[in-house]
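Okay, here's what each chain looks like letter by letter:
There are 4 protein chains.
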Amino acid sequence: MDTFDSISPLDYRYYGNDKEVFEKLQPYLPETAAIKYQLMVEAALVKTLAEKKICSRKVADEVEKAAKTVTAAEVYEEEKRIKHNIRALVNCIRNKVSNEAKPYVHFTATSNDIISTAESLRLKDAAINALLPQLLQLEKTLIKIARREKNTLQIGRTHGQHAEPITFGFTIASYVSRLGGRIAAAAAAANNMRGKFAGAVGAYNASSLLVKDAEEFEASVLKKLGLKPATHSTQIVEPEFAADLMHAVVSAFGVMANVADDMRHLQRTEVGEVAEQFGAEQVGSSTMPHKRNPINFENVKSLWKEFMPRMMTVYADQVSEHQRDLTNSASSRFLPEIIAATFIAAKRLNSAMEKLIVVKENIRKNFEMGKGIIAAEPAYILLAAAGHPDSHEYVRKLTLLSQQLQKTFQEVLFNDAVAQPYLKKLTKEQLKLLQSPEKYTGIAAEKTEKVCRHWEKVLKL
Amino acid sequence: MDTFDSISPLDYRYYGNDKEVFEKLQPYLPETAAIKYQLMVEAALVKTLAEKKICSRKVADEVEKAAKTVTAAEVYEEEKRIKHNIRALVNCIRNKVSNEAKPYVHFTATSNDIISTAESLRLKDAAINALLPQLLQLEKTLIKIARREKNTLQIGRTHGQHAEPITFGFTIASYVSRLGGRIAAAAAAANNMRGKFAGAVGAYNASSLLVKDAEEFEASVLKKLGLKPATHSTQIVEPEFAADLMHAVVSAFGVMANVADDMRHLQRTEVGEVAEQFGAEQVGSSTMPHKRNPINFENVKSLWKEFMPRMMTVYADQVSEHQRDLTNSASSRFLPEIIAATFIAAKRLNSAMEKLIVVKENIRKNFEMGKGIIAAEPAYILLAAAGHPDSHEYVRKLTLLSQQLQKTFQEVLFNDAVAQPYLKKLTKEQLKLLQSPEKYTGIAAEKTEKVCRHWEKVLKL
Amino acid sequence: MDTFDSISPLDYRYYGNDKEVFEKLQPYLPETAAIKYQLMVEAALVKTLAEKKICSRKVADEVEKAAKTVTAAEVYEEEKRIKHNIRALVNCIRNKVSNEAKPYVHFTATSNDIISTAESLRLKDAAINALLPQLLQLEKTLIKIARREKNTLQIGRTHGQHAEPITFGFTIASYVSRLGGRIAAAAAAANNMRGKFAGAVGAYNASSLLVKDAEEFEASVLKKLGLKPATHSTQIVEPEFAADLMHAVVSAFGVMANVADDMRHLQRTEVGEVAEQFGAEQVGSSTMPHKRNPINFENVKSLWKEFMPRMMTVYADQVSEHQRDLTNSASSRFLPEIIAATFIAAKRLNSAMEKLIVVKENIRKNFEMGKGIIAAEPAYILLAAAGHPDSHEYVRKLTLLSQQLQKTFQEVLFNDAVAQPYLKKLTKEQLKLLQSPEKYTGIAAEKTEKVCRHWEKVLKL
Amino acid sequence: MDTFDSISPLDYRYYGNDKEVFEKLQPYLPETAAIKYQLMVEAALVKTLAEKKICSRKVADEVEKAAKTVTAAEVYEEEKRIKHNIRALVNCIRNKVSNEAKPYVHFTATSNDIISTAESLRLKDAAINALLPQLLQLEKTLIKIARREKNTLQIGRTHGQHAEPITFGFTIASYVSRLGGRIAAAAAAANNMRGKFAGAVGAYNASSLLVKDAEEFEASVLKKLGLKPATHSTQIVEPEFAADLMHAVVSAFGVMANVADDMRHLQRTEVGEVAEQFGAEQVGSSTMPHKRNPINFENVKSLWKEFMPRMMTVYADQVSEHQRDLTNSASSRFLPEIIAATFIAAKRLNSAMEKLIVVKENIRKNFEMGKGIIAAEPAYILLAAAGHPDSHEYVRKLTLLSQQLQKTFQEVLFNDAVAQPYLKKLTKEQLKLLQSPEKYTGIAAEKTEKVCRHWEKVLKL
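Top to bottom, those sequences are chains A, B, C and D.
Counting in this note's numbering, the first sequence runs from -19 upward without gaps.
Counting in this note's numbering, the second sequence runs from -19 upward without gaps.
Counting in this note's numbering, the third sequence runs from -19 upward without gaps.
Counting in this note's numbering, the fourth sequence runs from -19 upward without gaps.
Keep in mind that the hints were calculated from the coordinates and are not lab data.
Keep in mind that a hint or two might mislead.
Identical chains blur together in the list; that is why a pair holds if it fits in one copy or across any two.
[Stated by the list, open to error] List of simulated lysine to aspartate or glutamate pairs, EDC-like, C-alpha gap at most 20 Å:
1) -1 - -18
2) 203 - 58
3) 419 - 105
4) 430 - 193
Computed from a predicted structure; not experimentally measured.
Isolated chain A (complex conformation) (with noise of 0.2 Å):
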């Protein structure tokens, strides 16, 4: 099937048309990647057999070798004869090896002792190895941004409007924050990832056959393999392991589907703080030749919309009946797709901010538009603290006062035989403030660089 033949826009347009991503996601996301998953679990399974004298380690060494040379489409052939993955998988490896071998391919297993264990160490190995580096990258680069930007006066914004001044390093440290947070959590979670290898109905029914502590051989097979076994399983794993991940991982995309919205909106013609960068080849629109759209900020909002609720997908798939119901063995085998999904959003959005223009001069107009207006919160407080006891409806007129005379608020607050005996109680700093609302940021850069370094603590960066 060629690439464009796909269905999937992940297959035939983020994934499989773009080299950079398949490289880096092509060793766990794929088909390919989870077979090759589960030989290594096999492997990994007939290696501990033979620590355990149940075969000799030469069996071992020929399972493992016939492992290794096993192929997706040889398995799927298999499998169009007899109707069942694993035994397919099996049936590969044993038509590799001796017949001393064959019984002990795949031995005491069940299918889902295979199954979820490989899941669990793919999904954590993609977390870990493909996913993470994008999501540290995407972080060092809003830290750069932030620590660069720290002093650069802009408005803050709530409910669109403005509001009181911070910076723009801060409106970024937001971001680091939150993503930082994230990535912990990811991390964490994929860490977590458990294994099983507890048989068919998770009572090590099979294996107890062969082996004195099965509890301690499931400990072995999953430790040659840096997993650690759950708690209890049934014929799978714990589902709440992957749910975690799956949290984390979503949670992230909204992250950056929080920075991708302000951005967009940022580079709105009449805000025009920020724009992407364009390609001098590039065309903005089929029939408007001068546009210049955030194609890539709205790419990562729209991927976030298309992958967010799977989550539903990952809470219903928690319900099993019994010792396990297949419900979940098709649904399942999506979840690579949301980490795909955020990969590519992060390396999008990545590379947006890297090269991300920052017009200060729209940055500072924006802010001059409402400079006068700004000063009501800090002389609402001030007078307050001066003795006031109605300041803040005191001060809510005036503004309304000040815009119907058409005048600056200071104008109006200075002139305001009300306010003169409060305004006196003021310190020469405080008046210079109310003058001056772009000395009003609080902490903002302190507080920007205090994040930065925090989160470079944190995540080792």
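Based on these hints, arrange chains B, C and D on the given structure of chain A.
Just chains B, C and D now, kept in the frame of chain A:
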């Protein structure tokens, strides 16, 4: 990229690995189809330009011919250079035509005149030419079973508990009716998909430059494709047409999930009323050689859990800022996956139902289990009709008594003094029914036939 | 329990705390209404029994009268004792009638004959009597604005970027059209709600004991309530009728969320094209006395985020095992919340739109911002029409040049040698349009009028 | 408003109508609690102001005392006038204090310093004081059953099919382990809830006017409430802390849904291994007086279907524009509903499990059904261990043969010539196990004990 290098299970497993599915869906759902439909729209445009004498018929023919030769690979190659997918498509056509024809390729169109229209048409065709025939096939299979089993006595179940008698055909008639309704809804929604040729912001700015009646021009282009225009467009067609189609499709999937779930439960070891057919070579379990699992029914339910939540994305994509933001662009690329998965589930369910083994002795055995107690409902009703002022409570206590005494409900009832005056008022037929509750099936068989005939007529089967 | 002791924000804030909302919704949506509707169904049943001579007219009158006096509190009290809600309801009626009448209360009915029918009717009435009038009111408000502003020149925006000219009325016409479509869909779905009187497993087991034509009996009961029977029922009505209604309602909410989002963004400080009206006493912020926030638009969007995902529950509830399991019982109790929230959002949005401040000077100012560049699209089209073989690319480069030279696009275009031969072919009118792109609004005003008229006709406004 | 005039089933049915639930949740989850927590935060603020000598201790005492007397009704009354909920709260306090104290009420705080902090604390307290004790109670009940039944032989089921033997205690141990993990996760997330006192845009603009170390000031206020500050805040606390808590809660609900589903299915008429206890007065069905339905288990599953999708809202609310938009305001008001529903389900499930009837004769009878075939798995493994090169396929065919011949698997196996050389190599114990598969329970009993002990230790039960 090789099939098994795909990340999406749709691509590597359910579509790319299944020749029959591939052949049915390939004309509509992969990226090659998306591009083919866009080229069809470009061709319809230039044909209309010729009709309106804006370009020559020769130019139109040249463009149409060129459009037929453009491939997905070419378009993607060009997109890499200029980073705009529709402009890339346009360039690919332009490169294959004379200088005279070049200006008329995509003339006056905005990208989304092409994309929105092509996608509406593609989803419509996929629904009508691929999905609906498969759903109708399933409907026919269900009707066949319903009719065949309309007299097969079965215990009706509510809360998983035996309730009152029905027939197995009546059970199936429920799915006939519900799926029938969904097929009708999906057909209506598919036939109501709309296109647009209203330009970059929907006001026909560009086309109004050149044609007198821009709406008539739009209608002409779309008519060639078998579509009507939306009542109003911005850059995109009103999203509710596609939302209605997706709702119909997803809710049809919900009915199939219900069928699958019911069959799974009727196949439980203890119930055993139906069974999936098993191939002679088919392996049930990698470790339990004797297992016969309802894997097809499980698969249908599992796919539903994956795809049903995608409606969240459809609803989220209703919101597009102003004359359109692009945050629905990536996400709407995934809509064909919903149709693909519904098709795949329908095909699989149909195949499992066609070969469904109905185990009549178990259906009968289960019915016999609680045969006595079944009479409680008609007893309560007939006693009430005979004038007992509190027969529900009276009968409820008799059932408790029969359990305590380990006697049948009938023994207890017919020997209870209180009942006598009322029993005397009953007809022979009514008394017989109390003794033989297998007659207490209401109009199960007639209703089954009626439902089948109704939907055959509505769906023209 | 006091209003503010409620946990649900619907109860304590949006409905219980708003007299107008309370009065509109109280007849349909609270538990008192649920029970009132169940009593209505019980009354319709006994009336039909009398018609069919199964009981006397006197008995029927007695029951009907009694049913009118039963209260929710009584039913809940009785339910505490016997743990069955419908039996409790039945007992409450029975307690108020003579021994002669007692047997005919709920006679032959199963609980869900009452519940399914009552809920179908209640949701239908809630939609038709409460929600639709409110949505129609909003539609009228939107039509009024669209017409009033159909000539108010506005810059159309795609990707948050200035695109091509439209009018503000045309912007609003988009909502008129989309909401109009949703109202029509909701009305159709509401009028298609169905009832059932087919007994415990849907085969009319009980009613067949006493009436010849059980389906005719069902139809008679339902006709009294203005409902038709479902094509097939199990214990419950086919869930797809309610799913269709909920889809129509939720997708109508989606259109409102889009309106709200657009208004929010048009109210951004830098854009300032619209504003919510603010009361003289209204406080914008507890600390920033000057803030004027789009709180009503934000509220509508926020409620949509809460209620849109509820469709997942609707879809999940399609799956009910065999003749019914009860796992949809608690969840379906929440359906009225979706209607309540949509009503509340519609009312709030209508009120905000009715008082919407349209800031024409800002609309104009924003339009002027990029006035020059707007001409790029018509320039590209007119040059192409004049025979330029590659005018899109040519114009794209001119726009880059105009930015570099800090000249208007027109200056650059009219002075570029390459353009001259093509410009000469243009009509005076076309040249004028390139100079005055405010004329480049396509058919925005006519289309606005047309859309308004269309929906007035369809919706009989 | 009367309880039954509520629209929300939580209010009128599951909380408002249940005294025990009401008493547990009323301190945390209704609007009265929301306002009480906001008043607590206002009190903590003024206390800190006094500590920092910004106001006098007397003023602080006066405000704290006044705050304790403000009621929800008062606040709502004032909000109607000024249309701002926190300013209304502030006014209510201010109205009760001296002019000297007035300026210090809410001093330097923005609304969301109060709201975000109060909500974090409220959700934390609701989780720790109400929800977790209920979940722990359920955990204890499960542990008790697991231990009690750890030796009760039961057939393990996969795909709804009999698989291999376990014990009923082992079945329950699966829930012990999974719920245990979720309780630990919920406790961790609850204890990690954060507050903020960083002002309108998060940069401590206002507080920096008056205190030297604004972060230290924030920490002081929050410490009084038992909270730590978020690493970074905008107008609101980073939303991921609440998202983590909701994920833990919703995934705990998922485990309960699984328990409920399993119990429902074990209560199916044909399975009959467990039963919900029924009261003597309890009515099972309005028309089938004999029905004993798993209504509590159904209710738990049904509530899960309603509340699990609410995570979509939680994820959607991660996205808040710039320093905050208000589109999470209404939606976040619904978070307490998730905790309420999880509490209610846990309580109900606990009560049903406490009284669970374990029907040992049915458990045994079901086990006997397929006793023979169970031996297929150990047979395949032991034959393989004895050197059979293809024992899985060999045994698979024997099981088919045993079904054809209507003999037990053992009869067929022990009489088959091929098996003889391998059977000879088995130990007596192994041969005995093949004859008596009830011994083939692996380490089910020991593992059950181990899992119980593990979670007792981790959760300090």
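To see whether the hints hold, each was checked on the structure:
no.	hint	verdict
1	-1 - -18	both (15 Å within a copy, 14 Å between copies)
2	203 - 58	neither (30 Å within a copy, 49 Å between copies)
3	419 - 105	neither (48 Å within a copy, 39 Å between copies)
4	430 - 193	between (51 Å within a copy, 14 Å between copies)
Against the hints set out earlier in the document, violations occur for numbers 2, 3.
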